[in-house]
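Model the placement of chains B and C on the given structure of chain A, informed by the hints.
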Amino acid sequence: MWTLFHKFGSPPWLYRLSGAILRWLLPITLLALVAGAVWGLLFTPPDFRQGNSYRIIYIHVPAAVVALAGYYVMAIAGAVSLIWRMKMADIAMRACAPIGAALTFVALVTGSIWGKPTWGTWWVWDARITSMLILFFLYLGVVALYEAYENKALAAKACAVLSLVGTVNIPIIYKSVDWWYSLHQPASIKFTGGSTIDPSMLYPLLFMISAFYCLFVCALLLNMRVEILEREQRTAWVRALATERGGS
Amino acid sequence: MYFESLSAVLQMDGHGTFVWSAYFITLGVIVSMIYVPRRREKRFLRQLGGQIRRSEGSNPPSARKEV
Amino acid sequence: MHPVRKQRLFLVLFLVVFSSSAIGLMAYALRGNINLFYPPVQVAAGMAPVGQNIRVGGMVVEGSVQRSDTSLEMRFDVTDFEAVVSVVYTGIVPDLFGEGQGAVASGKLDEHGVLQASEVLAKHDENYMPPEVAEALEASKARMAEQAAEGGYGQ
Numbered sequence: 002m003w004t005l006f007h008k009f010g011s012p013p014w015l016y017r018l019s020g021a022i023l024r025w026l027l028p029i030t031l032l033a034l035v036a037g038a039v040w041g042l043l044f045t046p047p048d049f050r051q052g053n054s055y056r057i058i059y060i061h062v063p064a065a066v067v068a069l070a071g072y073y074v075m076a077i078a079g080a081v082s083l084i085w086r087m088k089m090a091d092i093a094m095r096a097c098a099p100i101g102a103a104l105t106f107v108a109l110v111t112g113s114i115w116g117k118p119t120w121g122t123w124w125v126w127d128a129r130i131t132s133m134l135i136l137f138f139l140y141l142g143v144v145a146l147y148e149a150y151e152n153k154a155l156a157a158k159a160c161a162v163l164s165l166v167g168t169v170n171i172p173i174i175y176k177s178v179d180w181w182y183s184l185h186q187p188a189s190i191k192f193t194g195g196s197t198i199d200p201s202m203l204y205p206l207l208f209m210i211s212a213f214y215c216l217f218v219c220a221l222l223l224n225m226r227v228e229i230l231e232r233e234q235r236t237a238w239v240r241a242l243a244t245e246r247g248g249s
Numbered sequence: 011m012y013f014e015s016l017s018a019v020l021q022m023d024g025h026g027t028f029v030w031s032a033y034f035i036t037l038g039v040i041v042s043m044i045y046v047p048r049r050r051e052k053r054f055l056r057q058l059g060g061q062i063r064r065s066e067g068s069n070p071p072s073a074r075k076e077v
Numbered sequence: 453m454h455p456v457r458k459q460r461l462f463l464v465l466f467l468v469v470f471s472s473s474a475i476g477l478m479a480y481a482l483r484g485n486i487n488l489f490y491p492p493v494q495v496a497a498g499m500a501p502v503g504q505n506i507r508v509g510g511m512v513v514e515g516s517v518q519r520s521d522t523s524l525e526m527r528f529d530v531t532d533f534e535a536v537v538s539v540v541y542t543g544i545v546p547d548l549f550g551e552g553q554g555a556v557a558s559g560k561l562d563e564h565g566v567l568q569a570s571e572v573l574a575k576h577d578e579n580y581m582p583p584e585v586a587e588a589l590e591a592s593k594a595r596m597a598e599q600a601a602e603g604g605y606g607q
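Residue numbers (the numbering used here), protein chains in the order written: chain A, 2 to 249; chain B, 11 to 77; chain C, 453 to 607.
Okay, chain A solo, but in the shape it has when bound (with noise of 0.2 Å):
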């Protein structure tokens, strides 16, 4: 266990790893999302009230749903950064931001095209879409806070900081259309008792979201490939790889 623990603080290990993982990872990743794209656009019914607008739940529930589960792996991170101080926390947290961020914004716009056919409206300021909004903000938050220390260890306290206090925000967004008055409708898939979505159309959606999750997985290793090789451009292995790949 604490072997593995120190064999992931290990920058060249890391990244030979993440390596190795993108190169199935990432085309499966973009094939499933195209072929539950396809299954969710045009090989599952339209639905009784909303017609073939509802076909949007396919982006704007995944998108939702990693947007949400990825900002508690950077407040983990963060967490872990603060309390161990490890070099690949931080890396990871700051890997997460700009992820979280533009799932976060998938979910916001494309929420907005399908209020319009449906609710009548682009954005009201109900709770559900106004958490959802500050969620967007902290993601930015951190990205910006990041980058505004000079010092990147003084950066990493200051970020871990940010993203644990916005955790609260996670169960709000979750459960604001059951505590207030909102024009969002409750969730449909639940974990106790029966969804309320057809199993002709639940079985693409969980499809998309576990594209979704890979997506994650995939873009956050990305954003830590690109991070360790600057945290570690003085290193013998960084300068090695450099005059191999980046020479000609």
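Don't take every hint at face value.
Stated by the list, open to error - Dumping the calculated DMTMM-like pairs for lysine to aspartate or glutamate here, alpha-carbon to alpha-carbon at most 25 Å:
id	chain 1	residue 1	chain 2	residue 2
1	A	LYS88	A	GLU231
2	A	LYS191	C	GLU534
3	A	LYS158	A	GLU231
4	C	LYS560	C	GLU534
5	C	LYS560	C	ASP532
6	A	LYS191	C	ASP577
7	B	LYS52	A	GLU233
8	C	LYS593	A	ASP199
By construction, these hints were calculated from the structure, which means they are not laboratory data.
What follows is chains B and C alone, placed relative to chain A:
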């Protein structure tokens, strides 16, 4: 397949603009999520490689322009 | 665990717990303002301000929608099954607006307790199913109602 023709797929009973724009915006974001870090990595390695070659080329330091 | 790390761990826990409770208390204090709309029962109890822009949300009562022949004016009632609020609105409603469906109307309450709406939004629920499934469900519901009406208890 729940549509009879390509135009039905594009129109989606009047919701086509909404659905397709949502999917294309998402596509754009996903492509940039993958492309941007990859490009940064390649560019970084190229720049560092160039730097190393230049500093090696200028060795020994006495060969520099010291008239 | 190393005492310094333990101390940092407590710091992290402290940070999360206290910021959560601070924001939690704030949300609790503002709970009325976080609601997007008033349910009709609160309007009936006089909790909604008169003459100010508010939103009222609930189910559109079956058979209550009346449309004008000459203009886009319409009236309907929304209910939360405890109280009813009448809404007057001029304009186009979303496609999903309908009797027996959720709606949120924003506007001003007049002195008769009627909401003069400037915007009507449709609220849909979390049920998604293909049209055939919805029809089958509808049909089986109707069959059950019929059996109940025939007094099928004895059978």
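Here is what the structure says about each hint:
1. Distance restraint check for LYS88/A and GLU231/A: the Cα-Cα separation of roughly 13 Å lies within the 25 Å cut-off, and the hinted pair is therefore satisfied.
2. Among the hinted pairs, LYS191/A with GLU534/C is inconsistent with the structure: their alpha-carbon atoms are about 28 Å apart, more than 25 Å.
3. Our distance criterion of 25 Å between C-alpha atoms is met by LYS158/A and GLU231/A, whose separation comes to about 19 Å.
4. As the CA atoms of LYS560/C and GLU534/C are separated by approximately 21 Å, the hinted pair is consistent with the 25 Å bound.
5. A threshold of 25 Å between alpha carbons decides the hint, and for LYS560/C with ASP532/C the separation of about 19 Å falls inside it, so the pair holds.
6. Restraint check for LYS191/A and ASP577/C: satisfied, since their Cα atoms lie roughly 14 Å apart, inside the 25 Å limit.
7. About 15 Å separates the Cα atoms of LYS52/B and GLU233/A, which keeps this hinted pair within 25 Å; it holds.
8. At roughly 18 Å between alpha-carbon atoms, LYS593/C and ASP199/A fall within 25 Å of each other, so this suggested pair holds.
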